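*Asks:* Spelled out, the chains give:
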Amino acid sequence: MLDPVRVAKDFPILSKGDLTYLDSAATTQKPVQVVDAIEDYYYSCNSNVHRGIYRISEEATERYEKARENISQFVGSRDPAGTVFVRNTTEAINLLSYTLGRQLKAGDEIVLSVMEHHSNMVPWQFLREKGVVIRYADIDSEGRLDPEDLKSKIGRKTRIVSLTHVSNVLGTVNPVSELAKMAHEASSLFIVDGAQSVPHMPLDVKSIDCDFMAFSGHKMLGPAGIGVLYGKPELLMRLPPFMGGGDMIREVRLDGATWNDLPYKFEAGTPNIEGAIGLSAAVDYLRNLGMDNVRRHEMELMDYVMKRAGEIEDLTYYGPRDPKVHGGVFSFNIGQIPAFDLESELNSRHLKISSQELHPHDISSYLDQSGIAVRAGHHCAMPLMTRLGVQATSRASFYVYNSRDDADKLFIALENAKKAFAR
Amino acid sequence: MLDPVRVAKDFPILSKGDLTYLDSAATTQKPVQVVDAIEDYYYSCNSNVHRGIYRISEEATERYEKARENISQFVGSRDPAGTVFVRNTTEAINLLSYTLGRQLKAGDEIVLSVMEHHSNMVPWQFLREKGVVIRYADIDSEGRLDPEDLKSKIGRKTRIVSLTHVSNVLGTVNPVSELAKMAHEASSLFIVDGAQSVPHMPLDVKSIDCDFMAFSGHKMLGPAGIGVLYGKPELLMRLPPFMGGGDMIREVRLDGATWNDLPYKFEAGTPNIEGAIGLSAAVDYLRNLGMDNVRRHEMELMDYVMKRAGEIEDLTYYGPRDPKVHGGVFSFNIGQIPAFDLESELNSRHLKISSQELHPHDISSYLDQSGIAVRAGHHCAMPLMTRLGVQATSRASFYVYNSRDDADKLFIALENAKKAFAR
Amino acid sequence: MSEEEISAEIILDHYRNPHNYGKLEGSNASMTEYNPICGDTVHFQLRIAGTVIEDAKFVGRGCSVSQASASMLTDMLKGKPIEYLESLTESGFLDVLGIKVGPAREKCALLSLTAAKKAVKASR
Amino acid sequence: MSEEEISAEIILDHYRNPHNYGKLEGSNASMTEYNPICGDTVHFQLRIAGTVIEDAKFVGRGCSVSQASASMLTDMLKGKPIEYLESLTESGFLDVLGIKVGPAREKCALLSLTAAKKAVKASR
Ligand SMILES: Cc1ncc(COP(=O)(O)O)c(C=O)c1O
Ligand SMILES: Cc1ncc(COP(=O)(O)O)c(C=O)c1O
Chain P
2 MLDPVRVAKD FPILSKGDLT YLDSAATTQK PVQVVDAIED YYYSCNSNVH RGIYRISEEA
62 TERYEKAREN ISQFVGSRDP AGTVFVRNTT EAINLLSYTL GRQLKAGDEI VLSVMEHHSN
122 MVPWQFLREK GVVIRYADID SEGRLDPEDL KSKIGRKTRI VSLTHVSNVL GTVNPVSELA
182 KMAHEASSLF IVDGAQSVPH MPLDVKSIDC DFMAFSGHKM LGPAGIGVLY GKPELLMRLP
242 PFMGGGDMIR EVRLDGATWN DLPYKFEAGT PNIEGAIGLS AAVDYLRNLG MDNVRRHEME
302 LMDYVMKRAG EIEDLTYYGP RDPKVHGGVF SFNIGQIPAF DLESELNSRH LKISSQELHP
362 HDISSYLDQS GIAVRAGHHC AMPLMTRLGV QATSRASFYV YNSRDDADKL FIALENAKKA
422 FAR
Chain R
2 MLDPVRVAKD FPILSKGDLT YLDSAATTQK PVQVVDAIED YYYSCNSNVH RGIYRISEEA
62 TERYEKAREN ISQFVGSRDP AGTVFVRNTT EAINLLSYTL GRQLKAGDEI VLSVMEHHSN
122 MVPWQFLREK GVVIRYADID SEGRLDPEDL KSKIGRKTRI VSLTHVSNVL GTVNPVSELA
182 KMAHEASSLF IVDGAQSVPH MPLDVKSIDC DFMAFSGHKM LGPAGIGVLY GKPELLMRLP
242 PFMGGGDMIR EVRLDGATWN DLPYKFEAGT PNIEGAIGLS AAVDYLRNLG MDNVRRHEME
302 LMDYVMKRAG EIEDLTYYGP RDPKVHGGVF SFNIGQIPAF DLESELNSRH LKISSQELHP
362 HDISSYLDQS GIAVRAGHHC AMPLMTRLGV QATSRASFYV YNSRDDADKL FIALENAKKA
422 FAR
Chain B
231 MSEEEISAEI ILDHYRNPHN YGKLEGSNAS MTEYNPICGD TVHFQLRIAG TVIEDAKFVG
291 RGCSVSQASA SMLTDMLKGK PIEYLESLTE SGFLDVLGIK VGPAREKCAL LSLTAAKKAV
351 KASR
Chain H
231 MSEEEISAEI ILDHYRNPHN YGKLEGSNAS MTEYNPICGD TVHFQLRIAG TVIEDAKFVG
291 RGCSVSQASA SMLTDMLKGK PIEYLESLTE SGFLDVLGIK VGPAREKCAL LSLTAAKKAV
351 KASR
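Chains as they are written, first to last, in our numbering: chain P, 2 to 424; chain R, 2 to 424; chain B, 231 to 354; chain H, 231 to 354.
Wrong hints could be hidden among the right ones.
Claimed, not checked - Derived lysine to any residue pairs resembling SDA-like cross-links, with alpha carbons at most 20 Å apart:
1. LYS158/R x THR100/R
2. LYS17/P x TYR44/R
3. LYS325/P x PRO148/P
4. LYS410/P x ASP315/P
5. LYS253/B x LYS348/B
6. LYS131/R x GLY102/P
7. LYS10/P x ASP41/R
8. LYS337/H x GLU63/P
9. LYS351/B x TYR314/B
10. LYS330/H x PRO148/P
11. LYS17/P x SER45/R
To be verified - Listing some non-contacts, in silico: residues in chain H with all C-beta distances to chain R over 10 Å:
12. MET306
13. ARG335
14. SER353
Claimed, not checked - Calculated Cβ distances over 12 Å to all of chain B for the following chain P residues:
15. GLU40
16. LYS106
17. MET383
The set of hints was computed from the structure by calculation and includes no laboratory data.
Computed from a prediction, not measured in an experiment: that's the story for all the values here.
C-beta: ideal position from N, C-alpha, C; glycine also.
Starting from the given sequences, assemble the full structure and let the hints guide the process.
*Replies:* Below is the structure:
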């Protein structure tokens, strides 16, 4: 079993005791093991990789490539050539939209869902310019992907199905293996946004059978500035390069160039070497905890959180009620702030907002005064906010260093906030 | 004056004394001040920027934006909106080739030079696909940009002139203000690859009057994974976005999106926050040394290096002889390994390589045994190698922590290498 | 109570009981401002006679900072010359509000000021 | 001298005085391999009779590792069955060379082996 209180001791920012950090879906804290790995790199072998014929450059190259292998294995990929280092999930998906996008033509369809993060939406919307059609699968009343609706959106013209594994707002865990089958039966590629799943559960790209998967280091105890695009090597091989420059070439002439092997073809310029090394240390840390334990811990915590949430009047929360298909993300509102309508507001005699409504900004500011960090806003999922009929939500997200104690603090502070803002 | 021995004390990897690091043109070492700034961020306010309504996120946002202002001022830009954080120089130039490239049409011309790094060549070559013509200005016998040749390449159809400020092989310092005038007189944009100049000399984007400039943090005492695209805000404003996702949008709907203000429009997804903070600490460190002192130190060192080089038989070195127009980069060969020609080699009776030729790989390996790190190869400038008629060179590059002592060690080891490999 | 706490109390009072909320009869300058990030909205209305703001009202929806600051701004503007509004800077207005708002909520705090200024400009 | 130092000496000997350098008369399998990164080149030539490598020679240009390993490989292959070459792995060959080469120079060390293998394949 995972003991969050012991885990938290590895995180200096948390062990001071004045911070209840409930925003790990945005970015996680870093354990000393990760920071030390980066520092050790700086002070023992910092240098540029791949081309140096001297000791520290060879050592740096080895650490960088070992990091690739390690991270690659962590998600069940046997061939490190399929693990491309990028800045973050966002860049990974843009890499795909630019390279896969070149092969699409007017009328081709891409299927997404209304619960996608902007990062798995805007890059694909760019392709509408060339006549590519984007279709969105809907969710049901509990915030689960509606399989019938999804099926109806996938058709003869579908080239790409790109879906999030876990929603960063609803917490919904999507059945990605089934979705992969659905996409592949329609001869479509299947892409998984793993930003909220790779950090939180055991996962295997081979058994999911996704064609590509994207995730970010900073959401899994690693540094910012490093992320991964996993791809089946035979598919990556056929893609044109994304960025041009050093390292990604085999040979450059004045009139053109040829490309390097995978994964280097997609890593132009000096990579974030320390970032990769830091992420590898984060992967070691998580593997040591055991990803099964990580998932079980979050499931139990969510079970508790949802029970506690039921005790608070006027609190609405979103996403599946079954913790088995709900990740460590808890989005909620206190009251439902109705949409603003100018005409009706100007003509009404009294304020339309009643006593029980509390704006997410006010909740978040109030919680901050008790040292509790939660996020408020659209969580980079505006279309989902529209779909839910809200302008924003508050979101508390949990990770390996969070305990029931943290949940208790949250709910006590919420009760107090309600009193403080009561009209 | 700058005292390199005192400076080196801030660099733990160097103060152990077993490493003579002469590869700073590839990447520089990091002082404790930079590593500490990163660690302090991790342990005091690590969180995601821009949207958090709690103390540490506000603190992180403030440090991130202060970093932008600081770096912006360092290169003489008054408006931080013109400072876009990217991964490295390579990404900055790709951002330009993708966004500016969309506005180009068949027959439009881009002018580069034969001394460009692959990063300022391959991204532009991508545009040949749509009929854009790339023209290359030549160099003279001392490795200086040939102004007459450049003038002849710039014409009515020139849309972009993109040149390096300092060559990473020849060391040549190009007169960028004059080049900017030349480009602007032809109504062309002018882009500066500042990867080798921003770290090494006082510099002001306003007085250069470049439209865009790219540089990398890891070449100026900062971390890898962070770099800068400077652009005149009024020009950046008119560019379409590059990558889509979180932070770069104002509003997203299922059928499209609108973009955020500068510079965020170009920063999609979670940025490398700690990278920016580390780079800002590096800028503080350099400002403290004084960029005038940095440049003067390197000039004096190069003067010494070139003198010493003249004493070694069979040593050829490249680039301007005048240290005033020669950065801290010293590329050389021992003997000139002739190009390989299969027919003539098969038909000759004896080895075509004579005793004085030493391959750069062998030089570099040999120097490594004495703890001296230099680079060997094409330095990501294959077309320049072809132009120089060599397959590779060795390159020793100097920075603020290098002294005459380091140069002496290099030349003593070179003499020994010649003996060791003598046939 | 510290000054900061007093300011926070004042904000809460305005939030709970906004002044000058509703439709302004005879309004001749109005503007809606909207923060897409959180959905906060302020519709600001002015009645201008010559160079003087005779009256000001607002309606809106959003967090306490956005609504309370709108309420306070209506009080501030009533009977003042237009010049007063025009010369009111963002940092000046934030000073009047007296609460510390982080960068993420500054936009909320300034929503009403932006709306009022735009309303005057658009009425010209 | 350590084993490593002895290996380094052997490499240097082969580099200074390459064995089997030049044109192989009656060559019936040959291939040029080239490392674009450094320009190192090896042209490897074999004379194969039935299943046996009767003779091997090379010409080339490059660093000591690339040229010495080619020289050593010619020695190793002469009179051996083709099978021997085919079953010679990259790591096996690096072991024979006995020097530690970093990742950047591995390609140089393996240039001749790659050329020899490709030569046989192409001659089929
Ligand atoms: C002149 C020049 N341009 C561009 C680059 C590419 O820099 P980076 O690898 O950081 O993108 C370099 C560094 O190798 C360089 O020296
Ligand atoms: C589901 C999901 N996808 C994509 C992203 C984008 O990640 P990043 O900002 O690291 O690119 C996030 C994180 O905000 C996310 O939660």
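*Asks:* Indicate, hint by hint, whether the structure satisfies it.
*Replies:* Against the structure, the hints come out as follows:
For the hint pairing LYS158/R with THR100/R, the CA-to-CA distance comes to about 19 Å; that is within 20 Å, so the pair holds. Using a Cα cut-off of 20 Å, the hinted pair LYS17/P and TYR44/R holds, with the two alpha carbons roughly 10 Å apart. Among the hinted pairs, LYS325/P with PRO148/P is consistent with the structure: their alpha-carbon atoms are about 18 Å apart, no more than 20 Å. A hinted pair counts as satisfied when its Cα atoms are at most 20 Å apart, and LYS410/P with ASP315/P qualifies at roughly 18 Å.
A distance of roughly 18 Å separates the Cα atoms of LYS253/B and LYS348/B; the hinted pair therefore holds under the 20 Å criterion. Distance check on the hinted pair: LYS131/R and GLY102/P sit about 16 Å apart at the alpha-carbon level, within 20 Å; holds. A distance of roughly 17 Å separates the Cα atoms of LYS10/P and ASP41/R; the hinted pair therefore holds under the 20 Å criterion. For a cut-off of 20 Å, the pair hint linking LYS337/H to GLU63/P stands: about 15 Å separates their Cα positions.
With a CA separation close to 14 Å, the supplied pair LYS351/B and TYR314/B stays within the 20 Å bound. Our distance criterion of 20 Å between C-alpha atoms is broken by LYS330/H and PRO148/P, whose separation comes to about 57 Å. The straight-line distance between the Cα atoms of LYS17/P and SER45/R is roughly 10 Å, inside the 20 Å bound, and the hint therefore holds. For MET306/H, the condition that its CB be more than 10 Å from all CB atoms of chain R holds, with the nearest at approximately 21 Å.
Some Cβ of chain R comes within 10 Å of the Cβ of ARG335/H; the nearest lies about 6 Å off, and the non-interface call is violated. For SER353/H, the condition that its CB be more than 10 Å from all CB atoms of chain R holds, with the nearest at approximately 18 Å. For GLU40/P, the non-interface assignment is confirmed: its Cβ lies about 30 Å from the closest Cβ of chain B, beyond the 12 Å cut-off. Taking the minimum C-beta to C-beta distance to chain B, about 33 Å, the non-interface status of LYS106/P holds against the 12 Å cut.
The beta carbon of MET383/P sits about 8 Å from the closest Cβ of chain B, which is not more than 12 Å, so the claim that it is off the interface is violated.
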